[in-house]
Amino acid sequence: MEEQHKNGGNKYSIIVPTYNERLNIALIVFLIFKHLRDVDFEIIIVDDGSPDGTQEIVKQLQQVYGEDRILLRARPKKLGLGTAYSHGLKHASGNFVVIMDADLSHHPKYLPSFIKKQLETGASIVTGTRYVKGGGVHGWNLMRKLTSRGANVLAQTLLWPGVSDLTGSFRLYKKSVLEEVISSCVSKGYVFQMEIIVRASRKGYHIEEVPITFVDRLFGSSKLGGSEIVGYLKGLAYLLVTT
Amino acid sequence: MKHIFKIMALLVAIAALWIGLLQTSMIPQSYALLLPIYSVVTLGCYGLLMVGVGLMQFPTCPQEALLLQQDIIEAKEFLQRKGVDVGSG
Ligand SMILES: Nc1nc2c(ncn2[C@@H]2O[C@H](COP(=O)(O)OP(=O)(O)OP(=O)(O)O)[C@@H](O)[C@H]2O)c(=O)[nH]1
Ligand SMILES: [Mg+2]
Numbered sequence: 008m009e010e011q012h013k014n015g016g017n018k019y020s021i022i023v024p025t026y027n028e029r030l031n032i033a034l035i036v037f038l039i040f041k042h043l044r045d046v047d048f049e050i051i052i053v054d055d056g057s058p059d060g061t062q063e064i065v066k067q068l069q070q071v072y073g074e075d076r077i078l079l080r081a082r083p084k085k086l087g088l089g090t091a092y093s094h095g096l097k098h099a100s101g102n103f104v105v106i107m108d109a110d111l112s113h114h115p116k117y118l119p120s121f122i123k124k125q126l127e128t129g130a131s132i133v134t135g136t137r138y139v140k141g142g143g144v145h146g147w148n149l150m151r152k153l154t155s156r157g158a159n160v161l162a163q164t165l166l167w168p169g170v171s172d173l174t175g176s177f178r179l180y181k182k183s184v185l186e187e188v189i190s191s192c193v194s195k196g197y198v199f200q201m202e203i204i205v206r207a208s209r210k211g212y213h214i215e216e217v218p219i220t221f222v223d224r225l226f227g228s229s230k231l232g233g234s235e236i237v238g239y240l241k242g243l244a245y246l247l248v249t250t
Numbered sequence: 529m530k531h532i533f534k535i536m537a538l539l540v541a542i543a544a545l546w547i548g549l550l551q552t553s554m555i556p557q558s559y560a561l562l563l564p565i566y567s568v569v570t571l572g573c574y575g576l577l578m579v580g581v582g583l584m585q586f587p588t589c590p591q592e593a594l595l596l597q598q599d600i601i602e603a604k605e606f607l608q609r610k611g612v613d614v615g616s617g
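Residue numbers (my numbering), protein chains in the order written: chain A, 8 to 250; chain B, 529 to 617.
Hints were generated in silico from the structure; no laboratory data involved. Every residue, glycine too, gets a C-beta built ideally from N, C-alpha and C. Among the hints, a few may not be true.
As the list claims (entries may be wrong) - Cut-off 30 Å, straight-line C-alpha distance, at most; resulting in silico cross-link-like pairs (BS3-like, lysine-lysine):
1) B/530 x A/182
2) B/530 x A/181
3) B/534 x A/210
4) B/604 x A/116
5) B/604 x A/66
6) A/181 x B/534
7) A/123 x B/534
8) A/18 x B/610
9) B/530 x A/241
10) A/241 x A/18
Stated by the list, open to error - Some chain B residues judged to face chain A by a derived CB distance under 10 Å, without partners named:
11) 571
12) 592
13) 607
What the hints assert, rightly or not - If you want the footprint, here are the derived chain A segments under chain B, 3+ residues with CB under 8 Å:
14) 20-34
15) 153-162
Could you put the whole structure together from the sequences, leaning on the hints where they help?
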């Protein structure tokens, strides 16, 4: 089975955007290599000129794992997440693309289940969901849980997306599908993740889900506040009238 | 079709049904007139209930945080041996 991945000719480009993830990027690269042993993959790190020296660490990692496996595609300054994905995508040589955060809230041990699910179902997108059996979240306070549930119920009732976790960003895409969908996405932040999946779902692409657990970043606090909530509601309205 | 039109179509269909009910007077007018208010209240309750249930059954995974700590220790050990700078930072 493992060998078939390689012989199947599939290549997975894992895009990891980073901003000040000096320690996390090293840990996540190690864990990706640990959990994807018999798979053809490359890691594309899009770093936006992190002042903490993330890029130095990436260069050291290239010495360990090889420059053909770890690609550093840096940009001069912090230009935002959405464009970081498109930037990484331009340099992807695989026929599949995985997008994940560097802060270890997305654990690489789930990568094999994304790949397996895609091979079994032929889906265009496999998205990680925290809200089914086998999934879960750690490190959220009551307020954070409440906003998350509220946002989810609202989006499910208004958008009928057919996906249980809209704002998670741990996903595997067929490269051609991501290229097509991302070009029509304009939102930022959480809404961006939602926009990608809703647009893909409206276009009729086959979307599957796998359970993931989400351990919130250990350092630094979440930026979820009043302005985030207003932004979310605006995004919801925007998706209602444009998709 | 934009999604908002689907929702509007649904609302129009429900409104038509309601007007039909008013005209046939199958149920007393005074009841029928209040139906829209009831349905809005029901929808609101449904939403609150879903949030409440979701909150109560919120899946958590404390053991994952521990497993992650072990993974971090393992990773640091390996990377340090390979000369990657994972010191205190
Ligand atoms: N290249 C790039 N990466 C970014 C930028 N902003 C965030 N990132 C990275 O994107 C990923 C997700 O960002 P986070 O800051 O964890 O966002 P979040 O998960 O919504 O918020 P937290 O609750 O703080 O974890 C991380 O790997 C960040 O390093 C950016 O402007 N450019
Ligand atoms: Mg995060």
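Structure-based check of all given hints:
| no. | hint | verdict |
| --- | --- | --- |
| 1 | B/530 x A/182 | holds, 26 Å |
| 2 | B/530 x A/181 | holds, 25 Å |
| 3 | B/534 x A/210 | holds, 16 Å |
| 4 | B/604 x A/116 | holds, 17 Å |
| 5 | B/604 x A/66 | holds, 17 Å |
| 6 | A/181 x B/534 | holds, 29 Å |
| 7 | A/123 x B/534 | violated, 35 Å |
| 8 | A/18 x B/610 | holds, 26 Å |
| 9 | B/530 x A/241 | holds, 17 Å |
| 10 | A/241 x A/18 | violated, 37 Å |
| 11 | 571 | holds, 8 Å |
| 12 | 592 | holds, 5 Å |
| 13 | 607 | holds, 5 Å |
| 14 | 20-34 | holds (count 4) |
| 15 | 153-162 | holds (count 6) |
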